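Enquirer: Chains as they are written, first to last, in the numbering used here: chain U, 1 to 303; chain P, 1 to 333.
Please keep in mind that the hints were generated in silico from the structure rather than gathered at the bench.
All figures in this text were calculated on a predicted structure; none of them were measured in a lab.
Even glycine gets a Cβ: it sits at the ideal position worked out from N, Cα and C.
Any given hint could be a false lead.
[Said to hold, decoys possible] Covered stretches of chain P (chain U as the covering partner; in silico rule of three or more C-beta atoms under 8 Å from a C-beta of chain U):
(1) 105-118
(2) 237-246
[Unchecked claim] Just some of the chain P residues that point at chain U, by a computed CB distance under 8 Å:
(3) 84
(4) 85
(5) 122
(6) 126
(7) 157
(8) 280
(9) 285
(10) 286
(11) 290
If you want the building blocks of each chain, they are given just below.
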Amino acid sequence: MSWNVVVPDIVAGLFLGAFFALIAVGYSMVYGILRLINFAHGDFYMVAAFVSYTLLALVTVGTQVNWGNVIWVGVVTMLAAGVLAVVAERLVYRPMRRAAVLSLMIAALGVSQILENGVLNTPGWGSNYLPFPVTPPGNGFDVASVHYTWLQVAIVLTAAVLVLAVHFIVNHTMLGTAMRAVAQDRVAATLMGVNTDRVISLVFFIGGALAGAAAVTASLYYGQINYLMGFSIGLQAFTAAVLGGIGNVAGAAVGGLLLGILESVGTGLVGAQWALMFAFGALVLTLWLRPTGLLGERVGQRV
Amino acid sequence: MRSWRAAAPGAAVALAGAAVFPLALGSTYVTSVAMQVEILMCLALGLNFVVGYAGMLDLGFAAFFAIGSYTSGLLAVDAHWPVLATLPVAVAASLLGAVFIGTPTLRLRSDYLAVVTLGFGEIIQNIVNNLNQTGGPEGIYGIPPLSVGPLTITSTTGYYYVFFVLVVLFVAVSYRARRSRLGRAWLAIREDEDTAYAMGIKVRRYKLYAYMAGSVLGAVTGTFYGSAFVAIAPPSFGFNESLLVVMAVSMGGMGSIWGALLGAGAVVAFPEVFRQFAQARLLVFGVALVLVMVLRPQGIWPEEGLRLGRLKQSARRATRQLTHWASARLGAR
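Construct the entire structure; sequences and hints are all you get.
Expert: Spelled out as structure tokens, the structure:
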């Protein structure tokens, strides 16, 4: 197993990890505040990818990549994804606030099905793998005979900036304090004057927006989208969140990067079809040996 | 469930009706749909032990279905075993899987458990899809039909009756289990795990028993599934299938035997009835699932009985509000 073979895998894993981190942070925050595994979170990502696909297809002429277009489409997609998340929260999760965990999870599965089949049935989308209308140029730079494009750098930077921004919000603003309060003890938070409904909606919005960012960057990177893309990445992002410590923004980011590297190196060794096995292997090991995750769990007790 | 006596005549009529149904109708299509309903009923009754009785969300139940099918199929096709002889081996393999996966993971919180079971389901599907010994993506074909003594069953109607017997058997097992000490322990765990533990119930062990019970029923169903369809392939054992079983149990009524049967019927019948809407029916399905969970989380036919009282009450209230609103509007004009 020579170094030359592993290093590119590790770096590729970093990019994969950037996507995982963005989605995992959203997953983690929602779980932290509601103790809900939002199975539909991956599907927010998927819908965002399709939205960005449609928007970009509208404004892209020929093969010229207009980065300005990509950026504003990215922002719009983030907003749209955030709104989608809030809508799901308002319509489905809020009425079920006091329901049993089992029912909540099944409802989340239902939302996931609605989103997946909704996309499947939307004219112009459907079940095929759609090629992303924007193909980023491959110009970049070389490090140790491996070529890295500017897109990859941009992806990592975007992810880093967003995750840092969320970390700042959660840990150094009043809003973040409110979020942590609601996560710790919702009733006590209301007694302290926190508008829990609004805070929860905001958390969903942020999570959705991050998933939207991940969607745009991943679609650019992989070049194609499909209505089932949310399922597996949602699972992997959840694994990443657990790996790092659920409820913990930094943990989700670290977990995402780690899982990305782990999967990349692993599939480099045994083949791409076993990718999910690595993710689940990591999940089971984490839950078995260190259930609170690498950076420690930050959720209140759901009594 | 209320008294035996009250339910008996209705149940007897239903049983009799179901028994003569394929002969009376004579349509192979309807019989085959009915057979699929029965298969899902069997799976739902199996999952009912895990989700309904013990309260653990299992999103990878198709794994046991797969283990049972593939074990039986491989033995029948490669080693030329008669199908009935493969049954104990399939069950043993499934039990092994249940113990192997269940022992380290069943102590997890329900949310984590759900994802781990989901992972298990995906892993099993991945394995049978990627290994040459299990036929890879094409699966196993040429599975011999079931022979019981001198009788070899090859027709759809024949398998309808095979699964009919299975359903009745599973219902009986579920019923007895529910009323046993084990069943009471499960219900206690479902309602409040910590209190159950404080009352001296060995929670982890009983959870494992529920998981094992589910795996046995899944494996048995899988064994006969192979014979009925002659060929089995990985796509039949994925998350979608696990989700269908979960939907059947949760929409029908968690923990309730009739609910599981009803849910299975609804899950299979729904897409068949709306066949002309092709892909959109799954979308409607998702909406239906969400609606049931939000408005009636205990399912359509929960354990306590049909409980239509609340529904009637809210329907009455809604009608009253509507008439008030309408008369106010009309009056104001």
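Enquirer: Each hint: holds or not?
Expert: Taking the hints in turn, this is what the structure says about them:
For the region 105-118 of chain P, the stated coverage by chain U is satisfied: 9 residues place a CB nearer than 8 Å to a CB of that chain, which reaches the threshold of 3. Requiring three or more residues with a Cβ within less than 8 Å of a Cβ of chain U, the coverage given for the region 237-246 of chain P holds, as 3 such residues are present. The restraint placing residue 84/P at the interface with chain U is violated, with a minimum CB-CB distance near 34 Å, outside the 8 Å limit. Hint status for residue 85/P relative to chain U: violated, with the closest Cβ pair at about 32 Å, above 8 Å.
Taking 8 Å as the C-beta cut-off, the interface hint given for residue 122/P holds, the closest approach to chain U being about 6 Å. Below 8 Å, beta-carbon pairs count as interface contacts, and residue 126/P has one with chain U at about 6 Å; its hint therefore holds. Interface hint status for residue 157/P: violated, as the beta-carbon distance to the closest one in chain U is roughly 33 Å, over 8 Å. Proximity of residue 280/P to chain U holds as hinted, the smallest CB-CB distance being about 5 Å (cut-off 8 Å).
Against a cut-off of 8 Å between C-beta atoms, the interface hint on residue 285/P holds, since the closest Cβ of chain U lies about 7 Å away. About 3 Å separates the beta-carbon of residue 286/P from the nearest beta-carbon of chain U, less than 8 Å, and the hint is met. This hint holds: residue 290/P has a C-beta 4 Å from the nearest C-beta of chain U, less than the 8 Å allowed.
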